[in-house]
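**Student:** Sequence:
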Amino acid sequence: MSPKRPTVADILALKGKKQLTMLRVTMLEEAEAAQKAGVEMLSVPPELMTDPQFREAAPTCFAVPGGEKSVYVTKDECLSEAFRMIRAGADAVYCAAGLDTIRALRAEGVPVCGHVGLIPSKATWTGGFKAVGKTAESAFRVWKQVRALEEAGAFAAEIEVVPSEVATAISARTSLFMISMGAGAGCDAQYLFAEDVLGAHRGHYPRHAKVYRNFAAEYDRLQRERVAAFAEFVADVEKGVYPGPGHVVRIPRDELDRFLNDLAGA
36 MSPKRPTVAD ILALKGKKQL TMLRVTMLEE AEAAQKAGVE MLSVPPELMT DPQFREAAPT
96 CFAVPGGEKS VYVTKDECLS EAFRMIRAGA DAVYCAAGLD TIRALRAEGV PVCGHVGLIP
156 SKATWTGGFK AVGKTAESAF RVWKQVRALE EAGAFAAEIE VVPSEVATAI SARTSLFMIS
216 MGAGAGCDAQ YLFAEDVLGA HRGHYPRHAK VYRNFAAEYD RLQRERVAAF AEFVADVEKG
276 VYPGPGHVVR IPRDELDRFL NDLAGA
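Under my numbering, the first residue of the sequence shown carries the number 36, and numbering increases by one thereafter.
Hints are computed from structural coordinates only; laboratory data are not their basis.
Glycine residues also receive a C-beta, built at the ideal position from the N, C-alpha and C atoms.
Hints are not guaranteed to be accurate.
Keeping only pairs whose Cα atoms sit at most 27 Å apart, straight-line, the calculated DSSO-like set for lysine-lysine is [to be verified]: (1) 245 <-> 165; (2) 104 <-> 157; (3) 71 <-> 169; (4) 245 <-> 53; (5) 71 <-> 53; (6) 71 <-> 165; (7) 53 <-> 157.
The calculated label-pair distances, taken between Cβ atoms and stated as ranges, are [unchecked claim]: (8) 169 <-> 247: 42 to 52 Å; (9) 277 <-> 156: 50 to 60 Å; (10) 169 <-> 265: 13 to 23 Å; (11) 300 <-> 87: 47 to 57 Å; (12) 91 <-> 247: 51 to 61 Å.
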């Protein structure tokens, strides 16, 4: 029997028993690679979730789409987008909107993954892009956010850039499936961005990221090869080397003669 895609119930049953892995992927190739590598959970942009080939690439990965319509939109817009994602084959949706919206999603049976700690779209409230929960007061606020999500009906929460001791204590005291992004090993899943894992850019890598490959160097090499190939094409055209005999379609001589005669009399 081929492996089946886990349900929310399956995910929750693993809480405290096994740490899962989660990646943010943005293209089919990454989704397929994650599937083959054994990554259990994927965060995906809506446009990838709705790609008809996505489930062929990642048939058993638990997919949680999230994008701009998960925050700073009306409740109805958020619900509409969530329904669209579920119809496309999502297993849950990411939502950083207000608790009323999360309650509405839960009332419709949509599994919701919330967000606590450093929430990029709301970082202005916690001092910008830096760790959250380094004081007793701020750590307790994170705990209260988790409790509020739990009461609103979320099944999971991403906990981002929170001290590992704080995240561990919170994870042990909530029924939510806690997904750590830079919050240590005491949660229920470890979450990274595929572009960081692959070393696919030359920008800033956050403290919690671990770079396993150097795709940026490979991209640079491919760009050099791209420029060289284009330059060779230009040179071939200028020298009359391209197109050669093998690059053109020929016409039988008698047909050509008839054509030329017709052309002369036109």
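**Student:** Hint by hint, say whether it matches the structure.
**Tutor:** Cross-check of the supplied hints:
no.: 1; hint: 245 <-> 165; verdict: holds (18 Å)
no.: 2; hint: 104 <-> 157; verdict: holds (14 Å)
no.: 3; hint: 71 <-> 169; verdict: violated (38 Å)
no.: 4; hint: 245 <-> 53; verdict: holds (21 Å)
no.: 5; hint: 71 <-> 53; verdict: holds (20 Å)
no.: 6; hint: 71 <-> 165; verdict: violated (34 Å)
no.: 7; hint: 53 <-> 157; verdict: violated (30 Å)
no.: 8; hint: 169 <-> 247: 42 to 52 Å; verdict: violated (28 Å)
no.: 9; hint: 277 <-> 156: 50 to 60 Å; verdict: holds (51 Å)
no.: 10; hint: 169 <-> 265: 13 to 23 Å; verdict: violated (51 Å)
no.: 11; hint: 300 <-> 87: 47 to 57 Å; verdict: holds (55 Å)
no.: 12; hint: 91 <-> 247: 51 to 61 Å; verdict: violated (25 Å)
The structure fails to meet hints 3, 6, 7, 8, 10 and 12 from the earlier list, while all remaining hints are met.
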